[in-house]
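**Q** Modelling step: build the complete structure from the supplied sequences, incorporating the hints.
Protein chains: 2
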Amino acid sequence: MTDVHIQTAILDMGRRARAAAHELVKLTSEQKNAILLAMADEIDAQQPAILEANAKDLEAAHEKGLTKAMIDRLTLDPKRLKAVADAVREVAALPDPVGEVLSAWTRPNGLRITKKRVPIGVIGIIFESRPNVTTDAASLCFKTGNATLLRGGSEAIHSNVALAAALQTGGERAGLPQDSVQLIPFTDRASVEHMARMDQFMDLIIPRGGKGLIEKVVATARMPVIKHYDGVCHIYVAPSADQDMAVKLILNSKTQKPGVCNALETVLVHESIAKEFYPKLATALREAKVEMRGDSTAVTYLGSDAKAATEEDWSTEYLDLILSLKTISSFSDAVSHINRYGSHHTDSIVTKDRAEAERFMHEVDSAVVLHNASTRFNDGGEFGFGAEIGISTDKLHARGPMGLAELCSYKYLIDGDGQTR
Amino acid sequence: MTDVHIQTAILDMGRRARAAAHELVKLTSEQKNAILLAMADEIDAQQPAILEANAKDLEAAHEKGLTKAMIDRLTLDPKRLKAVADAVREVAALPDPVGEVLSAWTRPNGLRITKKRVPIGVIGIIFESRPNVTTDAASLCFKTGNATLLRGGSEAIHSNVALAAALQTGGERAGLPQDSVQLIPFTDRASVEHMARMDQFMDLIIPRGGKGLIEKVVATARMPVIKHYDGVCHIYVAPSADQDMAVKLILNSKTQKPGVCNALETVLVHESIAKEFYPKLATALREAKVEMRGDSTAVTYLGSDAKAATEEDWSTEYLDLILSLKTISSFSDAVSHINRYGSHHTDSIVTKDRAEAERFMHEVDSAVVLHNASTRFNDGGEFGFGAEIGISTDKLHARGPMGLAELCSYKYLIDGDGQTR
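Going down the list, the protein sequences come from chains A and B.
Letter 364 of the first sequence, counting from 1, is numbered 364 in the UniProt record's numbering, and no numbers are missing.
Letter 365 of the second sequence, counting from 1, is numbered 365 in the UniProt record's numbering, and no numbers are missing.
In short, the hints are calculated from the structure, not lab data.
Watch out, some of these pointers could steer you wrong.
[Said to hold, decoys possible] Calculated cross-link-like contacts (lysine-lysine; reagent style DSS-like; alpha-carbon spacing at most 30 Å):
no.: 1; chain 1: A; residue 1: K211; chain 2: B; residue 2: K79
no.: 2; chain 1: B; residue 1: K79; chain 2: A; residue 2: K116
no.: 3; chain 1: A; residue 1: K26; chain 2: B; residue 2: K227
no.: 4; chain 1: A; residue 1: K216; chain 2: B; residue 2: K216
no.: 5; chain 1: B; residue 1: K26; chain 2: B; residue 2: K56
no.: 6; chain 1: A; residue 1: K227; chain 2: B; residue 2: K216
no.: 7; chain 1: A; residue 1: K116; chain 2: B; residue 2: K352
no.: 8; chain 1: A; residue 1: K216; chain 2: B; residue 2: K211
no.: 9; chain 1: B; residue 1: K116; chain 2: A; residue 2: K257
no.: 10; chain 1: B; residue 1: K216; chain 2: A; residue 2: K352
no.: 11; chain 1: A; residue 1: K248; chain 2: B; residue 2: K116
no.: 12; chain 1: A; residue 1: K227; chain 2: B; residue 2: K79
no.: 13; chain 1: A; residue 1: K116; chain 2: B; residue 2: K56
no.: 14; chain 1: A; residue 1: K26; chain 2: B; residue 2: K116
no.: 15; chain 1: A; residue 1: K68; chain 2: A; residue 2: K289
no.: 16; chain 1: B; residue 1: K227; chain 2: A; residue 2: K115
no.: 17; chain 1: B; residue 1: K257; chain 2: A; residue 2: K115
no.: 18; chain 1: A; residue 1: K216; chain 2: B; residue 2: K227
**A** So this is what it looks like as structure tokens:
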């Protein structure tokens, strides 16, 4: 296929997604949930075909020499596929945010205004190697009444096609409007650009993947993009901190799952407690095999196994058992450091001083700010959202954990009896 | 100045705006209101200098041969300037949405989560000829704790510089952090591009002007854009409509202020009432000097002064005393027509059938949907918002009238006592 043919095919899928979106608003919550359950059942029923498709992807992955970690992310087996289907069932069980009345009031002229939650319309999801994103993203977008255009990476193309087919077959048997869930079968880079420019048919685009992918979408997209960028997360240990609690929170934030965006990357320590606190912390970090990179004061007190941090360390998301440590001389310096070097994702203060905690949470410009708690709590599940499509580092529309409500827009309904201006 | 110098200067303004934004969050509502009042007083005090600057713009406008309407939009006089200052005072008097608790809950592990309204950060406003946008946009953005980068058109550059200087001088006397309100003094097209790419320093860009300007910003911007596109607004007259009410609503929606986005452009009439309704409507439209463009049925009943509508008419925003009229054969056709040809802005149904009205408001995919009311009610003032920065045609973050709350983001504050995962 030439690029023009690919572009035409993608535009046609967009046009059909828009038409599907207008049908989707007519479904009740009960109808949507029945469709989700039928989708899950079909994933179970199609197990042999899906695993066969996955085997093709795995064969190609071995030939291409993908890393062990990448192959693991790609791999489906009966147990994992069962979990994929069960995740769709869990989405069916969640409350439906669509139709919720957000506010309602009556104007002096008698007009009754109701602000109501509605689907966004058509959502494009661009993702990389994990095939379960196909079903996760599609089920969350469908639950909120949106049509979805999915475009996965080449590594998982056979698995993605098989999973999308199961969603469509199962869903349509239970009344899913045609073209509600479409997988774009092209994996070249140009297809991302064609999607990103199609703002007449797509209301939102969500890139789920590495920085390179997100940057590409941001540079091209004509419609809103919700980004899930890096988390350069901090814990500030204030003079009055419970130091044992600080050690425990730093350890949990850094080591409980180092490869995720809400893991800790930098600790700030007030100079007045440096001499006492750093050695305690060093013992715990050493035991947990965390590499330490500090400023000169930190290195002095942490011990000889601590390395000197460079300027680059302060803005690095290690996603690994590495921690940068900086000594600061005032509360304001802590806030300034976080607002300058951080990624406005998740930052925590450990202090017994309530006023200081409140000032920290007020002045630090991040999606989630915590007091005496692990950074790992910036998470849709931990918030009680039931499901999340990601953690937004944007400030518009969705900030922080993005659940079902954030996959919705709103509209105003006005009821009158002949009012004019 | 070369383009590189302009780009460097704009980047530097962005960097300073970001720093100002971090200072702005520290201001209380009382401090912000005092600053707004000082800004207004300074506009009054600087009246001679501002009018002198405006005279320079007007002189250039006459030389360039701008239209009478454009010159009128550009013109300031003592009365208009007083209104400009008073509009800033009105913003001071509005309630401050910043700090409002949007929701709060406690998790089973004891974490207390609070979702709080906060400023967005740095907002860029790009506008065309009206100089009062300088003070309107700056006062609304400042009220909500945002730093502002304003970039007006070349026609009003002297007036804009003088007004921005008054805001800064007055504001800073009352404690406005430096660089909170900056006017970009470049009016070339490249300066818009430099702003639109500066996503490290700007969180949102709002183009206020014609379609060409908005398109340019959409194509270039790396940060979110809130768009105020055309309004191709409809009224659907259903079989059970109170026909006198329908005539009254159509007349008001079309003629009360034809040049605005929430004015009516297309009337849809159910075929079962065409013969009875069109002649009544034609009489009223004729009297109001509204040009009629209809499909063949409409033309038959409207009379010989009605023209035949072309396909293009159905998606045209006339902004003038012209109305297109189409006969439709079912409720579904009305909804389909609106969702296809409309601009998802404002659409109204006239009917006595409540179930039909509810279905219309549910299925029509527009920011504001009305029942038995004029389309002119899609307006921040009419909603009771006190002020609006525009009417968004976007579905993300802000849809419909955009008031102070829509100039805010939110953050999550989490209070713990040592919780880990």
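**Q** Taking the hints in turn, state whether each one holds.
**A** Right, here's what the structure says about each hint:
Between K211(A) and K79(B) the CA atoms are separated by roughly 53 Å; this puts the pair beyond 30 Å, and the hint is violated. Between the alpha carbons of K79(B) and K116(A) the distance comes to roughly 41 Å, so the proposed pair goes past 30 Å and is violated. With a C-alpha separation of about 27 Å, the suggested pairing of K26(A) with K227(B) holds against the 30 Å cut-off. Between K216(A) and K216(B) the alpha-carbon distance is near 19 Å, which keeps this suggested pair within the 30 Å criterion.
Under the criterion of a C-alpha separation no larger than 30 Å, the hint pairing K26(B) with K56(B) is inconsistent with the structure, at around 39 Å. Among the hinted pairs, K227(A) with K216(B) is consistent with the structure: their alpha-carbon atoms are about 22 Å apart, no more than 30 Å. For the suggested pair K116(A) and K352(B), the alpha carbons sit about 22 Å apart, so the restraint of at most 30 Å is met. As the CA atoms of K216(A) and K211(B) are separated by approximately 25 Å, the hinted pair is consistent with the 30 Å bound.
For the proposed pair K116(B) and K257(A), the alpha carbon gap of about 28 Å is at most 30 Å, so the pair holds. Taking the CA atoms of K216(B) and K352(A), the gap is near 51 Å; set against the 30 Å cutoff, the hint is violated. This hinted pair checks out: K248(A) and K116(B) have alpha carbons roughly 28 Å apart, not beyond 30 Å. Our distance criterion of 30 Å between C-alpha atoms is broken by K227(A) and K79(B), whose separation comes to about 47 Å.
The hinted pair formed by K116(A) and K56(B) fails the criterion: a straight-line CA distance of about 49 Å is larger than 30 Å. About 33 Å separates the Cα atoms of K26(A) and K116(B), which puts this hinted pair outside 30 Å; it is violated. About 22 Å separates the Cα atoms of K68(A) and K289(A), which keeps this hinted pair within 30 Å; it holds. Distance hint between K227(B) and K115(A) is fulfilled; the C-alpha atoms sit about 20 Å from each other, no more than 30 Å.
The straight-line distance between the Cα atoms of K257(B) and K115(A) is roughly 26 Å, inside the 30 Å bound, and the hint therefore holds. Our distance criterion of 30 Å between C-alpha atoms is met by K216(A) and K227(B), whose separation comes to about 22 Å.
Hints 1, 2, 5, 10, 12, 13 and 14, counting from the list given before, are not met by this structure.
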